[in-house]
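Q: Chain by chain, the residues run as shown.
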Amino acid sequence: MVLLVATVLFTLGLIGVLTRKNVVFMLISVEIMLNAAGLAFVAAGSRWEQPDGQVMFLFILAMAAAEVSVGLALVLQIYHQHKTLDVENLKELKD
Amino acid sequence: MSTLFYISSLVAIASTIMVITRYHPVHALLFLAVSFLSVGMIFLSLGAPFVAALEVIVYAGAIIVLFIFVVMMLNLGRETAQQEKEWLKPKVWVVPSILVLILLAEMTILLFQGPDQAMQVSVVDPRKVALSLYGEYIIAVELTGFLLMAGIVGAAHIGKHQRKELHRFLQNGEEEKARQLREPESVTNEQTVLHD
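Heads up: the protein sequence lines correspond to chains C and S, in order. For the first sequence, the numbering used here assigns the number 31 to the initial residue and increments by one for each residue that follows. For the second sequence, the numbering used here assigns the number -15 to the initial residue and increments by one for each residue that follows.
Please keep in mind that the hints were generated in silico from the structure rather than gathered at the bench. Do not take every clue at face value.
[As the list claims (entries may be wrong)] Between beta-carbon pairs, the in silico distance windows are: (1) C/Leu120 with S/Ile52: 40 to 46 Å; (2) C/Leu123 with S/Ile93: 49 to 55 Å; (3) S/Val78 with C/Val38: 23 to 29 Å; (4) C/Lys121 with S/Leu127: 50 to 56 Å; (5) C/Leu34 with S/Leu58: 32 to 38 Å; (6) C/Thr37 with S/Ile41: 41 to 47 Å; (7) C/Trp78 with S/Ile(-3): 21 to 27 Å; (8) C/Gln80 with S/Tyr7: 40 to 46 Å; (9) S/Ile41 with C/Gln111: 15 to 21 Å.
[Stated by the list, open to error] List of simulated lysine to aspartate or glutamate pairs, EDC-like, C-alpha gap at most 20 Å: (10) C/Lys51 with C/Asp116; (11) C/Lys124 with C/Glu79; (12) S/Lys144 with C/Asp82; (13) S/Lys112 with C/Glu122; (14) S/Lys112 with C/Glu79.
Glycine included, every Cβ here is placed at the ideal spot set by N, Cα and C.
Chain S on its own, in the form it takes in the complex (with noise of 0.2 Å):
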């Protein structure tokens, strides 16, 4: 345990530090990946398995295409191509590469070595995991539940495109007065819409 755990801790401080050192967004992104994989890892060499997926799908997974999404929707308009032809420079991705190749490494050494020369720790069940989260914890599943129900209307409430909107008595009055406005052309318009 102990060797595979240094390595893939070192490799988590060193990439964490170079995520909160980057200037660009993108790149910043690359080195969270490698830092959420190498705490999936240390998870792996501490006997949690279960977490270790978890944190690969979800961390790894949602959480960072939810941050690309976003860093993708905030660069739109501008010259989008070329400054992704700057950012996948091989300079950027080959340092990530690296530190990926070596935890890919060390789960092949574990995967090989089988788990008992490997790992002296003994490995928490998900069984008991799962007895416990929905045995003790079944309020606070439901609770995050709601949290997550929450998080979810509340996003979509905010992230929606806000237009202005008047009172209905203040829509009313101008639109009175747009129609006062062009009231000769709409007399036009309806013999357009006529002859058509």
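Isolated chain C (complex conformation) (with noise of 0.2 Å):
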């Protein structure tokens, strides 16, 4: 049951992902896919009764910080360059 909620959470986050065309709205929709995962960790480790997933948990935390730390500055140094934060207006790697 509770591997279902994890599964709607990380689908509705990957929903986000495909759907929104701002940058902000498509690294929210990542966090949301990170804690879903993180959910489903803890539930396994809570149904086993051992302490991994809580570990696993962890890591996830600690990597979800660092990413969003550098996305951010991405996305500032992305209005900074273009003044827009629409993905469809990225462009500069298209031939």
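Using the supplied hints, reconstruct the complex from the two chains, each of which is provided in its own coordinate frame.
A: Shown next as structure tokens:
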């Protein structure tokens, strides 16, 4: 049952990444997906009464913190250089 | 455990749906905070109070604050006050407040009923987590420290305001050109300095 909730949250985050065009909303959706993965880990850890799930949640937490700091710095740079946050307008890598 | 878990998971799913359908980032951040709090409540009903506290502190505290800082920095210079007045209408914050009040009522029920009736799950002790973290996972903990350090340095380097920098040969050439252009002015500047 907990895994069902985690799956629904992960799917919502995936839908958010795929449908939104704002970079900030894409970062928020990535955070939701990481949170759902951590929820699945903690649920498994409490199902088998082992501490490994919570340890994995701690690692996901640290990784999410590092990821969001770098991602938000990238968002700031994108806004300073292009004056937009729409991913459709960021096409320097396109031929 | 079951009723409280179902209520909090419903709150989590509802607030997450609201997150990915909002247009303003600040509204989405309000609902994101509610979503993190309700996931913390799910952790509490699963018998992991340490992880629930970490979820509230790190996710609903630190990461949301980072997002809010960036949203504030992006909106600098426009009619920020008017925008904020629009954002803080009651219909914006009433729904997150109701959801958070549901979670609060749930937590008070959990606290006053005592852990025995409210959740029939076995609590994984934080002591076991700590022993496992510094026992078999010690290398992963140190690698996480490296990752956080790299994240801080990378964010500080990327977020720095980049100025245009030339190579030093080009810089010298530019300076000499500029000096040749404003040579008569420099004499007057020196004179003014002497007079001062």
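Q: If a hint holds in the structure, say so; if it does not, say that too.
A: Hint by hint, here is what the structure shows:
no.: 1; hint: C/Leu120 with S/Ile52: 40 to 46 Å; result: 23 Å, violated
no.: 2; hint: C/Leu123 with S/Ile93: 49 to 55 Å; result: 53 Å, holds
no.: 3; hint: S/Val78 with C/Val38: 23 to 29 Å; result: 25 Å, holds
no.: 4; hint: C/Lys121 with S/Leu127: 50 to 56 Å; result: 35 Å, violated
no.: 5; hint: C/Leu34 with S/Leu58: 32 to 38 Å; result: 36 Å, holds
no.: 6; hint: C/Thr37 with S/Ile41: 41 to 47 Å; result: 26 Å, violated
no.: 7; hint: C/Trp78 with S/Ile(-3): 21 to 27 Å; result: 25 Å, holds
no.: 8; hint: C/Gln80 with S/Tyr7: 40 to 46 Å; result: 43 Å, holds
no.: 9; hint: S/Ile41 with C/Gln111: 15 to 21 Å; result: 34 Å, violated
no.: 10; hint: C/Lys51 with C/Asp116; result: 6 Å, holds
no.: 11; hint: C/Lys124 with C/Glu79; result: 50 Å, violated
no.: 12; hint: S/Lys144 with C/Asp82; result: 38 Å, violated
no.: 13; hint: S/Lys112 with C/Glu122; result: 50 Å, violated
no.: 14; hint: S/Lys112 with C/Glu79; result: 10 Å, holds
The structure is inconsistent with the numbered hints 1, 4, 6, 9, 11, 12 and 13, although it conforms to all the rest.
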